[in-house]
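Peer 1: With these hints in hand, go ahead and build the complete structure from the sequences.
First to last, the protein sequences are chains C and A.
In this text, residue positions in the first sequence follow the working numbering: the first is 1, and each later residue adds one.
In this text, residue positions in the second sequence follow the working numbering: the first is 1, and each later residue adds one.
Be a bit skeptical, because a hint or two may be false.
Quick list of in silico lysine to any residue cross-link-like pairs, SDA-like style, CA-CA up to 20 Å [stated by the list, open to error]:
| no. | chain 1 | residue 1 | chain 2 | residue 2 |
| --- | --- | --- | --- | --- |
| 1 | C | Lys560 | C | Arg588 |
| 2 | C | Lys463 | A | Leu16 |
| 3 | C | Lys463 | A | Leu42 |
| 4 | C | Lys463 | A | Glu39 |
| 5 | C | Lys463 | A | Arg40 |
| 6 | C | Lys463 | A | Leu19 |
| 7 | C | Lys463 | A | Phe18 |
| 8 | C | Lys463 | A | Leu21 |
| 9 | C | Lys463 | A | Trp43 |
| 10 | C | Lys463 | A | Ala41 |
| 11 | C | Lys665 | C | Lys463 |
Below, a sample of chain A positions facing chain C; criterion: calculated Cβ distance under 10 Å [stated by the list, open to error]:
| no. | residue |
| --- | --- |
| 12 | Ile6 |
| 13 | Asp32 |
| 14 | Glu35 |
| 15 | Thr36 |
| 16 | Glu39 |
Because the hints were derived from the structure by calculation, they are not lab data.
The beta carbon of each residue, even a glycine, is placed where N, CA and C say it ideally should be.
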Amino acid sequence: MGREAELTESTATDGTCLHCGLPSPHGPYCCPGCEAARAAILGMGLEEYYTRRVGAGVAAFAIPERDPFATEAAVRRFVRTAGPDADAIEFLLEGVTCSACAWLVERVPLADPRILRADLDMGRSTVDVMFRRGTRLEDVAGAFRRMGFRVRPGDDPEIARSRRAEVRLWVLRTGVALACAAASMHVAIGLYAGLLEGISRGIVRELGLALAVVTAPVVLWCAIPFYRGALQSIRARRATLDLLVAASILVGYFTGVWNAWRGVNETYFDAVSMLTAFLLAGRLVTRLAEDRVRSGGEFLARELAGEGGGARPGDVVDFAAGEVFSGDGFVRDGRGSMNAAWLTGEEEPVPLAAGDKVWAGAVNLDGPLVVEIESTGRDTRMGRILSMVSSASKGGLQKLSERIEQAIVLGVFAVVAVLLAWGAVLGHVDGRRIVAVLLVACPCAVGLAVPAVLGIAHRQAAKRRILLKGVDAFERIAQIDTVVFDKTGTLTRAIPRLLEEIWTEPRDRDLWCGRVGALALASAHLALRPLRGAFPVFGPDPDARETPGCGLETTDSGGKTVRLGRRDWALGTEASEEGTWSEIVLSRDAVEVASFRLGSGLREEAPAAVAAILRGREGWILSGDRAGPVASVAKACGIPPERALSRRDPEEKLRFVEALSRARKVLFVGDGINDAGALRAAQVGVGVQGGAAAALASCDVYLARDDLGLLVDLLEASKAVRGQIVLALTWAVVWNVLGVALVILGYLGPVVCAVLMPMSSIAVVAFALTRHPFRSLP
Amino acid sequence: MSVFAILIAGGVFLFLIFLALLVWSIRSGQLDDLETPAERALWDDPPGKPDDKS
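Peer 2: Structure, rendered in structure tokens:
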């Protein structure tokens with residue numbers, strides 16, 4: 001019968017997934033999640049998404065997660081009232097940074113009448129959703145999940161409101177300061193002209209006092225954050241930029257008022273207002289970058305909070321295939337296997353029968369299993385590993401810009417103190433010189449250029465789906481000289497790959513391919529996933545019966561039994577306990593038709609990416625898996641066998657990274673719960689997409705696209721960012737030393753300083769804006 | 001010096017107009033998100049809003 005032939009979908013793809021664009025050597029989709037997402041998108045008539053998109057997208061989620069939205073009460077507090085018949089909630093989406101994703105997200109309401117509006121904020125990767133009152137939150141979240149996005153609750157409405165109010169106030173301060181600066185410059189031009197052409201005292205006084213009025217809002221209101229910072233720094237007895245800024249503003253302004261009152265044509269009002277406006281703008285940029293970073297970090301934290309599922313010790317819970325166990329416990333009923341790779345690093349599924357132990361965080365491969373929960377949360381094995389993580393220390397590292405900033409501030413104040421002391425000795429304090437020093441030492445390079453550089457770099461990283469948790473992460477990444485890789489899920493893929501198919505009679509393949517695909521689609525078993533990709537069909541075999549832990553069975557047109565599953569079971573020998581899933585056999589009437597060899601393949605991009613990462617750096621592999629697979633991966637990636645360590649448990653991983661960190665700057669790349677401690681202990685922990693939530697929560701960098709090549713880009717770009725920061729800081733130091741020296745020698749008066757100050761700011765910012773750290777990369 | 005008085009008064013007046021506009025734009029949320037609107041402008045059709053129902 002020609003059923004198979006009809007069902008076979010065209011597979012004319014270029015080896016990449018039709019949805020996410022990642023390599024998918026065995027068919028049009030890399031995973032069922034992507035397949036479902038594409039079906040949903042096409043079903044809504046939104047295929048335009050794929051033409052809008054530039055580059056790869058985000059892989060949709062294959063493994064169903066424990067859903068934080070399933071328990072209504074837990075997320076109810078995130079909901080706010082938006083109208084007479086509508087509620088609203090903010091969701092965090094995973095790394096929505098491209099225009100095409102934004103387009104797709106905002107079109108969700110077109111498809112789902114329960115959702116009234118979706119407003120995306122690309123910077124923070126949040127979407128504000130307005131929905132019909134009474135809609136279950138699970139359904140609201142589901143509308144976005146269907147498209148393949150990972151969804152988490154966003155900020156608490158209270159916190160979101162106060163955050164927004166804070167940013168708005170800051171924008172207002174900056175705006176007012178800029179307006180006052182512009183107005184003061186218009187008036188100040190008259191005074192500068194007067195310096196050259198001659199001007200009467202009366203007019204100086206009138207213009208000067210008018211300027212004092214125009215500049216007053218800046219000094220009295222806009223600059224308040226700097227005064228607060230200065231007070232804090234005095235209380236903490238630390239020299240910060242705020243102290244210098246506050247001193248410059250106040251001394252400059254009140255000296256100006258005093259001079260204007262006396263009719264002396266040396267007022268610094270324009271300089272004072274410009275300084276304040278520029279620094280406020282710099283802080284605003286930093287603040288927005290921090291928000292972006294924070295929402296990335298928050299996504300990871302929420303991810304962690306989502307686990308746990310609400311089961312209590314003593315509960316008896318049914319787990320379907322593909323579900324994650326929500327607690328430690330033992331199997332009451334059912335047979336199957338679990339993948340505990342996130343916990344142990346071992347890829348081989350662990351067979352389960354009644355009485356066997358299961359671990360929270362492990363995935364139930366072929367359900368259903370009835371499990372009696374013994375412990376949840378902190379008491380699980382995963383919980384213990386996590387508490388170990390939170391106690392692992394992160395080496396203290398003072399930021400370069402912070403150190404330079406302190407040096408500049410202390411230096412300037414030292415010079416001022418010396419000038420005061422000198423004046424006291426001579427009996428005449430030279431106020432003009434002190435004002436000139438404070439004005440020329442404007443710390444614009446530190447206060448403005450560094451935030452600008454970091455802001456641009458963060459934005460570009462986010463566009464490439466690299467999320468950094470700290471604004472200073474680039475500096476730490478640039479110093480890395482040792483890279484330690486986890487194997488499972490990091491260098492290899494979590495979902496097995498089809499390595500080889502052997503047909504007893506090669507021409508049988510065309511006859512059987514539809515049947516194999518339909519059988520594979522009927523099961524949620526992870527091991528059968530690669531077969532779905534290799535033999536794409538439209539729907540599952542309706543007659544398929546699954547024997548948990550063994551495989552699938554159906555009857556063909558000739559009435560013969562067809563089995564697809566473990567070799568021992570498919571060939572009719574009684575299923576033995578130690579049967580594995582590394583080989584799948586297709587049999588007809590207990591006679592082998594074909595066998596499929598599976599392996600968790602090395603990521604396609606891994607060898608090239610690892611080689612690029614390790615250029616000039618030392619590489620290690622640290623895995624929980626057995627020695628054999630570890631050695632073969634190490635060989636493929638060009639890591640010497642003596643640096644490929646296998647069979648390491650989570651504690652050993654943590655201790656190893658800690659020991660290595662004493663001598664070197666270590667970057668750890670991992671994805672499993674067993675990596676969480678090491679991720680935290682390393683100077684930089686990098687989590688890869690699809691990793692366990694717990695691991696992601698303790699990393700500094702998250703690659704939200706399934707591609708190790710991102711890490712190569714990041715390492716290169718971090719060096720560029722560090723170079724730019726060093727240049728800006730060098731500029732600041734040279735400028736200050738030179739300027740202060742010239743002032744002391746009497747070559748520069750306060751008026752010239754007031755003019756030079758904004759010019760140096762503009763120069764240093766223009767420099768920062770012309771360099772883009774990621775731009776040179778493809 | 002009445003020229004100054006007029007100019008300064010005019011300047012202050014313009015400043016106040018600017019300030020009012022700034023406060024209005026901030027209040028109405030136009031400056032909350034500086035990235036997405038730029039992208040949104042390039043999309044052909046605005047997302048349909050079901051205005052028909054309450």
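Peer 1: Look at each hint and say if it fits the structure.
Peer 2: Hint check results:
no., hint, verdict
1, C:Lys560 / C:Arg588, "holds, 7 Å"
2, C:Lys463 / A:Leu16, "violated, 39 Å"
3, C:Lys463 / A:Leu42, "holds, 18 Å"
4, C:Lys463 / A:Glu39, "holds, 13 Å"
5, C:Lys463 / A:Arg40, "holds, 16 Å"
6, C:Lys463 / A:Leu19, "violated, 34 Å"
7, C:Lys463 / A:Phe18, "violated, 34 Å"
8, C:Lys463 / A:Leu21, "violated, 32 Å"
9, C:Lys463 / A:Trp43, "holds, 19 Å"
10, C:Lys463 / A:Ala41, "holds, 19 Å"
11, C:Lys665 / C:Lys463, "violated, 27 Å"
12, Ile6, "violated, 12 Å"
13, Asp32, "holds, 6 Å"
14, Glu35, "holds, 5 Å"
15, Thr36, "holds, 5 Å"
16, Glu39, "holds, 4 Å"
The structure is inconsistent with the numbered hints 2, 6, 7, 8, 11, 12, although it conforms to all the rest.
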